[in-house]
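S.K.: Sequence:
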Amino acid sequence: VSRPAFGEALRRQGRAAEAEAHHRAALSWLPGFGGNHFNLGLTLQALGRAAEAADAYGEAARLMPRFAPAPCNQGVLLRALGRLEAAEAALRRAVALDPMLVPGWLNLGAVAQGQGRGEMAVACYRNALALRPDLAEAHANLGLALKEAGRPVDSLPAFERALALGLPDTGGILAQLVQQMRHLCRWDGLAERSAQMTALVRSGATRQVHPWIFLGEGAGPAAELACARRYADWRTQAVAPMPVCRDPGPRSRLRIGYLSADYHEHATAALIADLIERHDRGRVEVVGYSHGPDDGGPMRRRLGAAFDRFVDLAAHSHAEAASRIREDGVDILVDLKGHTQHARPEIAAHRPAPVQAQWLGYPGTMGAGFIDYVIGDPLVTPLDRQPFYAERIVQLPVCYQPNDRSRPIGPTPTRAACGLPERGMVFCCFNAAYKITPALFGLWCRLLGAEPDSVLWLLDSHPEASANLRREAARRGVAPERLVFAPRRPPAEHLARHRLADLFLDTTPVGAHTTASDALWAGLPVLTVPGEGFASRVGASLLRAAGLPELAVRSLAD
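The numbering of the sequence shown is this note's numbering, which starts it at 17 and goes up by one.
Keep in mind that the hints were calculated from the coordinates and are not lab data. As the structure is a prediction and not an experimental result, all values here were calculated from the model. There could be a bad hint or two in this list.
To be verified - Straight-line alpha carbon distances no greater than 25 Å define the calculated DMTMM-like cross-link-like pairs of lysine to aspartate or glutamate that follow:
hint, residue 1, residue 2
1, Lys451, Glu480
2, Lys451, Glu101
3, Lys451, Glu548
4, Lys451, Asp170
5, Lys451, Asp388
6, Lys451, Glu176
7, Lys451, Glu488
8, Lys451, Asp574
9, Lys451, Asp204
10, Lys451, Glu566
To be verified - Label-pair distances were calculated between CB atoms; the ranges are:
hint, residue 1, residue 2, range
11, Arg570, Gly182, 31 to 37 Å
12, Asp328, Pro257, 23 to 29 Å
13, Gly345, Asp310, 22 to 28 Å
14, Leu291, Gly563, 19 to 25 Å
15, Gly563, Pro403, 30 to 36 Å
16, Ala239, Gly132, 31 to 37 Å
17, Glu336, Pro427, 43 to 49 Å
18, Ser219, Pro257, 43 to 49 Å
19, Ala211, Ala180, 44 to 50 Å
20, Ser268, Val410, 39 to 45 Å
The beta carbon of each residue, even a glycine, is placed where N, CA and C say it ideally should be.
Work the whole structure out from these sequences, hints included.
M.R.: Pasting the structure below:
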């Protein structure tokens, strides 16, 4: 038996370390034979040595320029290492050599998704499905790419097809389907899908249900912790924490790093800008770590100037980002994303800082052993809820959420300019449509029935969501034109139009967060019902801070 064949046999038996020795011996005899490099790559990949395996596949691709699996495998590993540009080049070469190579199209789609190129990702997954129409993974990825490209209506059939074909863990895609149905206010069949998802979480049958989506079920703190724990473990399973760093000794100032993807025109940025500017520079040094887009706008410039140092990690892999934070000697790393959109918990999972906290972005537990503290307040994170948090609760004395005291409010528009009637109560909820539940909407329709001249003013998010809500109103005996939809506007204009409303109606189990502070900032009272979880208690915390605690009532009946 030749050495390469023997080495390959050992690898197939799971004896990868012995196989490596045989492959290296074969290479010393025939360094110019690409097959030896390819087999070494397979063995190194089996040993979990991704970077070395990628190099071996690269050498195989150089020596065998017509062999598509070599650049394909190289691209897969480069993508896993976070080297997306190099991965794209390798995978494009693979599918050019063999356009029938399904793994090539799947991974090229994943690279495009990672680069935020949604339409390119969609095209790659459609190519994979043209070759393998029964491939559940490709349907699932297509659904995600369509969602990220802002096409929620098109994503639903892809998610449904993936679930019908069967996935190893159905929870993740089921959760995405539920969330897109919520975004579109497509309520037929939603309760059944939600019950299915909750049952999977309660039984421990899934690791992939997104904790942020699961908060919308109001399933209670024990189930929310279980969901977050399993998801955090799944997301970070490939991450090895860095060794504990040496104590640098006494330093005149504490170095605090704030990690986020939202350092641009975003709700989190609006809340945090003033706070960063007001940090006591005699006691702390603040570093902004950004892994999101640079929109070049005024908020990005303001934050760039507010931090002592601003570091763009968007092009860095998780490991590279963590290494940079470690090299910078950060004492406390504050993750502002948690489990929200574009979060990268893998960075904190590397343990780049000796103390790690999560704050502001995510209203719940991350369920992660690598986050030491959650920063809350007596209302959103009461200490008797500690058993349901993987982190230690620390409380700010009044309210966990800061705001920007310099936010401008534009001139108040007329009611007519906003499509509102000249007289009658204006009930308002500018929360995203996915937070509106069928039960709550039924209650609002009863309210409109009891107040004859009133209207309900909502945020215009998606044409189908608005049409569905109007249809649901008619079903409940309310004239559809009594729902008025506000198009998106720049922040100062958006704040100004709050002054035309009489009362902001909060949602539950996921309530208003930045939207509630927007309303209060503009002088619009907020009516809220605090539930069990952090996500439903933010309105109550803000009201107490604003001196209006009586507007946080105990129940929907109240």
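S.K.: Which earlier hints can't be squared with this structure?
M.R.: Of the numbered hints, 2, 5, 11, 18, 19, 20 do not hold.
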